[in-house]
Amino acid sequence: MKKLMKGNEAIAEAAVRGGCRAFFGYPITPQNEIPEYLSKRLPEVGGCFIQAESEVAAINMVYGAAGSGARAMTSSSSPGISLKQEGISYICGAELPCVIVNMVRGGPGLGGIQPAQSDYFQAVKGGGHGDYHMLVYGPNTVQEAVDIMYDAFDKADKYRMPVMILGDGMIGQIMEAVELPEMKDPAAFPKKEWATDGTGVGASRRIINSLYIEPDVLEKVNHRLFDRYKELEENELRYEEYLVEDAEIVIVAYGTVARISKSAVNALREKGIKAGLLRPITLYPFPAKAIAKVAAEANVKKFVAVELSMGQMIEDVKLAVNGAKPVEFYGRTGGNVMTPEDIVEFVEKEVK
Amino acid sequence: MEEKIIIAGFGGQGVLSLGQFIAYAAIADGKEVTWLPSYGPEMRGGTSNCSVVVCDKQVASPIVAHPDCLIAMNKPSLYKFSDKVKAGGTIIVNSSLIPDKVERTDVKVVYIDAASLAMEAGNARTANIVVLGAYIGMSNLFPKETVKKMIEAKFANKPKVIPANLKAFELGYATAAK
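Protein chains in written order, with the working numbering: chain A, 935 to 1286; chain B, 20 to 197.
Errors might be hidden in some of the hints.
Unchecked claim - Below, a list of computed lysine to aspartate or glutamate pairs in the EDC-like style, where the Cα atoms sit at most 16 angstroms apart:
#1 A/K937 / B/D48
#2 B/K103 / A/E1275
#3 A/K937 / B/D102
#4 A/K936 / B/D102
#5 A/K1236 / A/E1168
#6 B/K103 / A/D1276
#7 A/K1092 / A/E1168
#8 A/K936 / B/D75
Simulated from the structure, these hints should not be mistaken for lab results.
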């Protein structure tokens, strides 16, 4: 039976069903329904909910809980995610699994509270210091967000790295019908042989740390991390193509903007303009090969990156297209959201 | 089919819940739906609106630039959105708070005295349900009985208010279905 749920609440419930038993956060609009929901829900399943004294404290609590083997998460919005960057870098350095949700709002600074995608660089290029990435998803519907959240801890555990769900104010606030999956059984989760849960003693003692003073050792750590990113690309890469096959104009967009773009593609087709949409679902790894393949098609004349920013993902699109075809940009920012009609108008001008 | 609706008014008028009722009715009727609220530093007395898109397949854009129907619960909302309604679309005007007449001639306009009808239903707080009734009566988007069952289900934890809400729905429905 499908249920009408707000994005934030649906993600929170999916987290619990996916095995989340520890949440640490600090309030910020537009993601407050996640902690609000979990503050009631986690105690029901024997989990732990803490409203920390700050975002910095919250991410370090995640660090600690993840180190002890718990399925731990935090959620925030842009300014709060900036505060968490040091902790995220440490968690990546210590090779710990966790889930981080960012319901992006306009920036820089405190910015506004309306939807934005201006944290793309921060999410996919490594917002903190050092050579690292996370598995980053940009869901476009509440159902997709639920499905991604439900499996996020499995992926995080498998690759021993944080999974980030990069939403925006819209996906957090929108209500849609969702099918909630069954509760996963925590007893069936794989054992974490590295966790500092009190079982490793003496010679088998376990240490969780991100400090490697020896250059050779740290270099090995960096290579190990990047081997895993290669695995991500082989196993976890996801994207969707819509009417790309015969398209002359290919829009590249992710998250809720991809839905708005889909309506624009439909409207453009009605006007006789052969538009298509390529929607990255994983933002890291990025579907560069898929874009390069499309760029090589003779029918494709131009790409348009559509984003709620001044142009961030477009850089990855350009790297993928590698000069084969022109890549144009259409974006709104500051918390303003484009309508399908805005995109149609932009594309019409581009094809003239 | 695809029906795009903007519902706007003062915070506290039940604008967001009116949109949610339409969304719940859509689900009950087997349709796909998105409900997107304006969110911000808003409070009772401030302005508030939501966009609802009902579709027989998955909704693409939840953002509505040109609605098929505008439900204006107060005067600022009518002036903010009335020009955006599609030609041939509908505007439902809460005439209890909006004395003005809609100047456009290319849209259907339904005036409904929501406050008086809500009083007649026995509960002043049912004005948004009166308007829900008017919208369903005018659009025939969902069967009347589906919506009434949904109202009963939504107020299941407050059974005392169900009769007034059902009456409010009927009064609104009858006004618009004329």
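Each hint, compared with the structure:
1. A/K937 / B/D48: holds (13 angstroms)
2. B/K103 / A/E1275: holds (12 angstroms)
3. A/K937 / B/D102: Given that 16 angstroms is the threshold and the Cα spacing comes to 34 angstroms, the pair is violated.
4. A/K936 / B/D102: Violated, at roughly 36 angstroms.
5. A/K1236 / A/E1168: violated (28 angstroms)
6. B/K103 / A/D1276: Roughly 14 angstroms between the alpha carbons, so the hint for B/K103 and A/D1276 holds.
7. A/K1092 / A/E1168: Holds, at roughly 14 angstroms.
8. A/K936 / B/D75: With Cα atoms ~15 angstroms apart, A/K936 and B/D75 stay inside 16 angstroms; holds.
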